[in-house]
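Please model the entire structure based on the sequences and the hints provided.
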Amino acid sequence: MTLSRAEMAGVWSATPTPFTESMEIDEAAVERMVAHHLRLGIKGLFVGGTCGEGPWMTDGQRRTLLRGIVRSAKGRLFIAAQVTDNSAARILENMRVAAEEGADIAVIAPPYFLLNATPQTVQALYQRAIRESPLPVGIYDRGTHSSIVVSDDALKEVYAEEKVVLVKDSTGEPGRREIALAAREKRPELCLLNGNEFNCVEYLQAGYDGLLLGGGIFNGYLAGQIMAAVAAGDIDLANRLQQHMNQMMYAVYGGEQIECWLSGQKKLLVEMGIFGTWRSYLDYPLTASCARAIREVIERDRDLLFP
Numbered sequence: 085m086t087l088s089r090a091e092m093a094g095v096w097s098a099t100p101t102p103f104t105e106s107m108e109i110d111e112a113a114v115e116r117m118v119a120h121h122l123r124l125g126i127k128g129l130f131v132g133g134t135c136g137e138g139p140w141m142t143d144g145q146r147r148t149l150l151r152g153i154v155r156s157a158k159g160r161l162f163i164a165a166q167v168t169d170n171s172a173a174r175i176l177e178n179m180r181v182a183a184e185e186g187a188d189i190a191v192i193a194p195p196y197f198l199l200n201a202t203p204q205t206v207q208a209l210y211q212r213a214i215r216e217s218p219l220p221v222g223i224y225d226r227g228t229h230s231s232i233v234v235s236d237d238a239l240k241e242v243y244a245e246e247k248v249v250l251v252k253d254s255t256g257e258p259g260r261r262e263i264a265l266a267a268r269e270k271r272p273e274l275c276l277l278n279g280n281e282f283n284c285v286e287y288l289q290a291g292y293d294g295l296l297l298g299g300g301i302f303n304g305y306l307a308g309q310i311m312a313a314v315a316a317g318d319i320d321l322a323n324r325l326q327q328h329m330n331q332m333m334y335a336v337y338g339g340e341q342i343e344c345w346l347s348g349q350k351k352l353l354v355e356m357g358i359f360g361t362w363r364s365y366l367d368y369p370l371t372a373s374c375a376r377a378i379r380e381v382i383e384r385d386r387d388l389l390f391p
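If you read the sequence shown in this note's numbering, its first letter stands for residue 85, the second for the next number, and so on.
Honestly, the hints are just simulated from the structure, not real lab data. It should be emphasised that the depicted structure is a prediction, and the values quoted were computed from it without experimental measurement. Even for Gly, the Cβ is constructed at its ideal location relative to N, Cα and C. Worth double-checking, as some hints may not be accurate.
[What the hints assert, rightly or not] Just the calculated beta-carbon pair ranges, DEER-fashion: (1) 259 with 106: 37 to 47 Å; (2) 372 with 316: 38 to 48 Å; (3) 181 with 365: 14 to 24 Å; (4) 196 with 324: 35 to 45 Å; (5) 372 with 247: 47 to 57 Å; (6) 159 with 233: 33 to 43 Å; (7) 196 with 247: 19 to 29 Å.
Structure representation (structure tokens):
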């Protein structure tokens, strides 16, 4: 597999992480998780992102998880590992580990905690990490949803870096979308993926190359159908499929307030026979109504969950 825009285009999953009851990486579940992504037609996995709980896991857990995913994927999926940290030096150390364990791409999101976070210092942090990276780089743009905001001007400079091959845009902000599209106009090899799973159609119509979704492990097949409908010019169908996917996600995540989010998603995966537990570091609640809605999703949408 080559890291070309054409090869990377498609549906990616920001995969959740399976834990045992004692909060160790469930390596058997990792194998099932990878197999299910392949069944859904997923192009690549984003490992240790927000949905994957990378910021809360130990270094050892992240390494074990990545090693298990690479071993199970056997080159059939692109593997992008989150390496975000609070300094370029720490990011580079994370990048070296990711490279050692077989990742294809190192993904940088805004730092979790940074003092003197001016547009210039944030840009310098990104650029040093990118230029010294042993791997091609992906950029996870969270826009104003992050504790450290990367300015528009800094983002333009970051996207211009030759080692940057992939963008996950989860901002939902039209201005950031235009920056990404303008960057790809200058660098046609740049692959743009939308991370806002509740609004796929608009980004695909704008010209994004694919989707990188937190719910990709269960909605990935349906997301692929949305992509196909947009490509065929059938926007009415694409919007109907998007509405169906949104209803499915709200059911799994605990309603429009996303009350159960990760616990709901992991409970669904337990019921599907992929995960062994719904344990997580984030301890979202799992309400009775959410558990009931999950069972209804499995009954109603089995053909989409298990294509």
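Q) Looking back at the hints listed earlier, which ones does the structure fail to meet? A) When the structure is compared with the hints, none of them turns out to be violated.
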